[in-house]
Amino acid sequence: MPCTGVRPHLGGIVADPYKPRAPFAPWDRRELPGLFDVEESARRIGNYKWAEMKLFEALGGWVATVPELDVKMRLGTHCYKHAWHAELWHKRLPELREMNPERLTQPANDAMVRFIEAMTEPEAPEQTIEKLVGVYRVFIPHFIAAYTFHKNNTSQITDAPTIRSLQFILQDEFDDWRDGEMLIQSLIETPEEVDRAAAHQTRLEKLMIEAGGIAGPGSIGGAGAGGAS
Amino acid sequence: MRKFFPVEELARDSRFNQVTMKDRMADPRSALVKDEPRQKSNRLVPSRPDASAAARGLMHGIFVGEIQALEGAGRTCHDFRTAGDSARRAQDDAHGEDSFADAVPFALKLDMARQAWDEARHVEISVKLSDWMGSEIGEFAENTVLFQAACSTDPILRLAGVNRALEGLAIDVFTTMKEFGDLAGDPYLEFCEDWMLADEVTHVKMGSDWLRRVTEHDPDRRKKALEFQSVVDKLFSYGGTRSDSQESPIGLARRFRELAGFTDDEVEDIAEVSLAALEERKASVARMQATAREFAAS
Numbered sequence: 001m002p003c004t005g006v007r008p009h010l011g012g013i014v015a016d017p018y019k020p021r022a023p024f025a026p027w028d029r030r031e032l033p034g035l036f037d038v039e040e041s042a043r044r045i046g047n048y049k050w051a052e053m054k055l056f057e058a059l060g061g062w063v064a065t066v067p068e069l070d071v072k073m074r075l076g077t078h079c080y081k082h083a084w085h086a087e088l089w090h091k092r093l094p095e096l097r098e099m100n101p102e103r104l105t106q107p108a109n110d111a112m113v114r115f116i117e118a119m120t121e122p123e124a125p126e127q128t129i130e131k132l133v134g135v136y137r138v139f140i141p142h143f144i145a146a147y148t149f150h151k152n153n154t155s156q157i158t159d160a161p162t163i164r165s166l167q168f169i170l171q172d173e174f175d176d177w178r179d180g181e182m183l184i185q186s187l188i189e190t191p192e193e194v195d196r197a198a199a200h201q202t203r204l205e206k207l208m209i210e211a212g213g214i215a216g217p218g219s220i221g222g223a224g225a226g227g228a229s
Numbered sequence: 001m002r003k004f005f006p007v008e009e010l011a012r013d014s015r016f017n018q019v020t021m022k023d024r025m026a027d028p029r030s031a032l033v034k035d036e037p038r039q040k041s042n043r044l045v046p047s048r049p050d051a052s053a054a055a056r057g058l059m060h061g062i063f064v065g066e067i068q069a070l071e072g073a074g075r076t077c078h079d080f081r082t083a084g085d086s087a088r089r090a091q092d093d094a095h096g097e098d099s100f101a102d103a104v105p106f107a108l109k110l111d112m113a114r115q116a117w118d119e120a121r122h123v124e125i126s127v128k129l130s131d132w133m134g135s136e137i138g139e140f141a142e143n144t145v146l147f148q149a150a151c152s153t154d155p156i157l158r159l160a161g162v163n164r165a166l167e168g169l170a171i172d173v174f175t176t177m178k179e180f181g182d183l184a185g186d187p188y189l190e191f192c193e194d195w196m197l198a199d200e201v202t203h204v205k206m207g208s209d210w211l212r213r214v215t216e217h218d219p220d221r222r223k224k225a226l227e228f229q230s231v232v233d234k235l236f237s238y239g240g241t242r243s244d245s246q247e248s249p250i251g252l253a254r255r256f257r258e259l260a261g262f263t264d265d266e267v268e269d270i271a272e273v274s275l276a277a278l279e280e281r282k283a284s285v286a287r288m289q290a291t292a293r294e295f296a297a298s
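Chains as they are written, first to last, in my numbering: chain A, 1 to 229; chain B, 1 to 298.
Be careful, since some hints might not be right.
What the hints assert, rightly or not - Per the computed footprint, the stretches of chain A lying under chain B, defined by three or more beta-carbons under 8 Å from a beta-carbon of chain B, are:
{"no.": "1", "stretch": "86-100"}
{"no.": "2", "stretch": "119-128"}
{"no.": "3", "stretch": "165-178"}
Stated by the list, open to error - Label-pair distances were calculated between CB atoms; the ranges are:
{"no.": "4", "chain 1": "A", "residue 1": "E126", "chain 2": "B", "residue 2": "L259", "range": "40 to 48 Å"}
{"no.": "5", "chain 1": "B", "residue 1": "T263", "chain 2": "A", "residue 2": "F174", "range": "44 to 52 Å"}
{"no.": "6", "chain 1": "B", "residue 1": "G134", "chain 2": "A", "residue 2": "K206", "range": "22 to 30 Å"}
What the hints contain is simulated information worked out from the structure, not anything from laboratory work. This one's a predicted model, so the numbers in the text were calculated from it and none came from an experiment. Ideal Cβ positions, reconstructed from N, Cα and C, are used throughout, including at glycine.
Turn these sequences into a full structure, and let the hints guide you.
Next up, the structure:
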C-alpha cells in the first residue's frame with residue numbers, strides 16, 4: 001500500500017507499520033562487493049561442473065569393481081549427489097550469461113585432466129583403498145576448499161544464487177567426505193595399507209598442485225584468484 | 001578404468017555364488033520346480049506349502065538383482081561420453097576410440113546417477129528385508145544375466161534392456177511381493193515393496209522417455225532397441241516365471257506398467273512372450289518326464 005500520509009486508525013496496535021526502516025536489518029551484514037565478476041564466476045562454475053561430472057562418472061563406474069558391499073552402496077549414493085551438483089552448476093551457467101553451458105564445462109587445465117586419469121586408474125577389486133583415497137582424501141577436500149573460498153569471497157548480494165547452491169553442495173561434500181573417510185579407516189588394517197594409502201594420496205596431491213585446484217591456480221585465493229571486485 | 005566392464009569380473013565378497021540362469025532355475029528351492037503333486041496355481045501366495053522358502057528365494061533374487069541394477073546404472077554414467085564434453089572426446093581420440101558413436105545427453109546421465117542412488121537404497125532395503133524374512137546373503141545363488149543386459153555398447157539398447165525390460169520385470173516382482181506381504185499380514189514387507197515399486201515405475205518411465213526422445217529421428221535405432229528389449233523380456237520370462245497365468249509365481253502388473261509408459265500393445269506383447277515361455281517350459285518338463293519314464297521302463 002503506498003504511503004499517503006493518512007494514518008488509518010491504529011486501535012490498540014503499538015507498532016507503526018508506516019515508520020521508515022533501514023533497507024538492511026541491523027544484523028544483516030552482507031557486503032555488496034565481491035572478488036569475482038560475472039565472467040570469473042561463470043568460468044569457475046564451468047570448472048566445478050566438469051569436475052563434478054568426472055567425479056560422478058568415476059563413482060558410478062567403480063560400483064561394479066568393488067567387492068565390499070557397504071562401499072558399493074555408498075558409491076552409488078554419492079554418485080547421484082555429485083551428479084546433482086553438476087546439474088546445479090549446469091543450470092547456473094545460463095544465468096551468468098553463458099547460454100551454451102558446454103562451452104564453459106571444461107577442466108581447469110591439462111593437469112586437471114591428468115589428475116582425473118590418475119584418480120580413475122585403479123580398477124582391480126583389491127584397490128578399493130586407492131579408489132577411496134583418491135576421492136575422499138584428495139578430490140573432495142579440494143572441492144571443499146574451492147567451494148568455501150568461492151562462498152566466502154563472491155558478492156553476498158549479487159551472487160546470492162551461487163552462494164545458495166554452494167551451501168547445499170558443501171553440506172553434501174562434508175557428509176560424503178565423512179562417509180568416505182570412515183570407510184577408508186575401516187578398510188586400512190595394516191601398516192602396509194597405511195603406506196599404500198599415503199603413497200596414492202601423495203601421487204594425486206602432486207598432480208593437484210600442478211593443476212592449482214579444482215578451478216586452476218587461484219582456486220583458494222592467491223595468484224589467479226581473478227575477477228573484478 | 002576401462003569402458004564396458006565384463007560381467008564375469010563383477011566384484012563380490014566371499015559370500016556370493018554366481019551361476020547361470022539355467023542353474024539358478026534348476027535350484028530345487030526355485031519356485032517352479034517341485035516334487036509335490038502339481039497344484040492349480042504357482043502364484044507366490046502365503047498359502048503355498050513352500051511359500052516361506054519361495055519368498056526368501058525371491059527376496060534374495062531381488063537383492064542380487066538390485067546390486068546388478070546399481071552396477072548397471074553406475075556403468076552407464078561412466079561408459080558413455082556426455083554430449084558436448086570436448087575434454088573427454090579428446091581423451092577418447094587419444095585412446096583411438098570412436099568418440100561420436102556413444103555420446104549421450106547430460107540429462108540422461110543425470111537420470112542414471114539418480115537411478116544408481118535408488119538402486120543403492122533398494123540394496124539396503126532388500127538386505128534388511130532378507131534379514132527380516134530369516135534369510136542371509138549367499139543363501140541362494142546369484143545369476144548375472146541382469147548385468148549382461150547392461151553391457152550393450154549402445155546406450156539406447158542398454159536403456160531398452162535394463163530400464164524397460166528388467167525394471168519392467170521389477171514392477172511385476174514388487175507387485176507380487178507387495179501382495180504377498182498384504183496376504184501374509186506383513187505390513188513391514190508390504191510397506192517396503194510399495195516404496196521400491198514407486199521407484200521402479202520411475203525408472204521404467206525414464207527408459208520409455210529416453211528411448212522415444214533419443215530415437216525420435218532414428219527409426220532404425222528405435223526398432224533395434226525394441227527388438228533388444230523383446231529379447232531381454234523373453235529371457236526374463238525364462239520358464240514362465242512371470243506371466244498372466246496362475247501357473248507363474250509372478251504376475252504381470254499391467255496397471256503399473258501402464259503408469260510407467262508402456263502402451264497397451266507393448267503390455268500385450270510381453271504377456272504373449274511370457275505365456276509362450278511358460279508353455280515352452282511345460283513342454284520341456286513333459287519331454288523330460290517321458291524320457292525318465294522310458295528309462296525307468298527299460
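Violating hint indices (sorted, rising): 3 and 6
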